[in-house]
Amino acid sequence: MTGVEEKKSTNIILFSGDYDKAMAAYIIANGAAAYDHEVTIFHTFWGLNALRKDENIPVKKGALEKMFAKMMPRGSESMGLSKMHFAGMGPKLIKKVMKKHNALSLNELVDMAKEQDINLVACTMTMDLLGLQKEELLDDVQYAGVAAYLADAEDGNVNLFI
Amino acid sequence: MTGVEEKKSTNIILFSGDYDKAMAAYIIANGAAAYDHEVTIFHTFWGLNALRKDENIPVKKGALEKMFAKMMPRGSESMGLSKMHFAGMGPKLIKKVMKKHNALSLNELVDMAKEQDINLVACTMTMDLLGLQKEELLDDVQYAGVAAYLADAEDGNVNLFI
Amino acid sequence: MTGVEEKKSTNIILFSGDYDKAMAAYIIANGAAAYDHEVTIFHTFWGLNALRKDENIPVKKGALEKMFAKMMPRGSESMGLSKMHFAGMGPKLIKKVMKKHNALSLNELVDMAKEQDINLVACTMTMDLLGLQKEELLDDVQYAGVAAYLADAEDGNVNLFI
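Residue numbers (my numbering), protein chains in the order written: chain A, 727 to 888; chain B, 727 to 888; chain C, 727 to 888.
Here chain A stands alone, though its shape is the one from the complex (with noise of 0.2 Å):
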């Protein structure tokens, strides 16, 4: 926001946890960021295993947060498609397809979008509920809340919900 003309914004709430819709949504962020908008993707429920890192993170958890880590993918390239998933013969074959095409995977989307200098959201609510802990999820991520989501979105231009 330095120019005398306020920029363009798109947030994007990245709710699902699908490789195939996050694989979206970054393409739009990196899109629109190419475009000079002010860019933020807000990750909540199963959106924030995105923003995973991939190793396992030690941390101290209750048995019902364990469970949930346990079952979440860790990082973007352990998560499955909304369509076609075929006990995972779907993830693997567009992945391969992508390879093919020289299409950027989800892994450096994301790294196109800290480049681009993104904003990255991690919902604080659904963290402490799955008991998500900031060790576990990628540097550079913000933390914030609705409000901060709501502050952004309500002068955007294009908000979406994916």
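No wet-lab data here; the hints were simulated from the structure. Only a predicted model underlies this, so the values are computations on that prediction, with no experimental measurement involved. Hints may be right or wrong, so weigh each one.
Any copy, or any two copies together, can satisfy a pair, since identical chains are not distinguished.
Restricting the straight-line Cα-Cα distance to at most 25 Å, the calculated cross-link-like pairs of lysine-lysine (DSS-like) are [unchecked claim]:
1. Lys796 x Lys818
2. Lys787 x Lys818
3. Lys792 x Lys821
4. Lys860 x Lys733
5. Lys733 x Lys822
6. Lys826 x Lys796
The hints should help you fit chains B and C onto chain A, whose structure is shown.
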């Protein structure tokens, strides 16, 4: 719409019948109402289940509509999860975890929405399609179609499809 | 965009390949067009299936792309439901109920969209990824990428991701 300055507005289409997605919709809606937005949740397709009374209401229906009514959950607390449903274990687990963290249940979020004068609208077209009747839905629900939604949303600030 | 006053605009990303979600997208789009909005449906990922011709079009494809093409439904009337699919019984049931209530089928909603000059856009990036070719899609479809979507949506009134 009483002030000189026009109120900001949030308009959510709740299409999904998943407990977690409905929670997200009601958390955003309640947040927006707290920020003094005019807020409407337009319940369509499976999202109508969040407005169903939890008791069985005897109404006359055709055979097809009876089947749909039986297959669909009665009320917010009977809805399943979009992820990790695990034959009903997922919803129970998340409710347990929510209780532990003092998070509001969907039922309580719906009550809060009513207290904050959020417009809870049931889509009449899908009610007709699924054979749902007004007696089966919560009191204080408004009835409208896609035209009413568009009239609100075209001047809205935060429009989401959930 | 002919008048002195600019037209309102509705821009829908149809990501989902579910029959009921595509119906919702096309009902909102047709409603918005009736209210004189400039309307665009940007079909990406599984949403492209709504634009597939229902006959088998012989085109040259690699082995991976052939697999995807085979696994995906050909045309709107072969798509499944997001809920209560029940091994194909759900879609049949809902079509029966729709016919009984004189609701338009997805096929008819797509035709109405064309008559109302709604822009039906196919995402070229996912066409490439899934190995879909122009010959396999309906006539009157436009071809574009995320940049074109953003150019429309950043000045849009109702932007939805479905």
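Right, here's what the structure says about each hint:
| no. | hint | verdict |
| --- | --- | --- |
| 1 | Lys796 x Lys818 | both (21 Å within a copy, 17 Å between copies) |
| 2 | Lys787 x Lys818 | between (32 Å within a copy, 19 Å between copies) |
| 3 | Lys792 x Lys821 | between (29 Å within a copy, 15 Å between copies) |
| 4 | Lys860 x Lys733 | neither (30 Å within a copy, 36 Å between copies) |
| 5 | Lys733 x Lys822 | neither (37 Å within a copy, 43 Å between copies) |
| 6 | Lys826 x Lys796 | between (32 Å within a copy, 19 Å between copies) |
Checked against the numbered hints given earlier, this structure breaks hints 4, 5; the rest are met.
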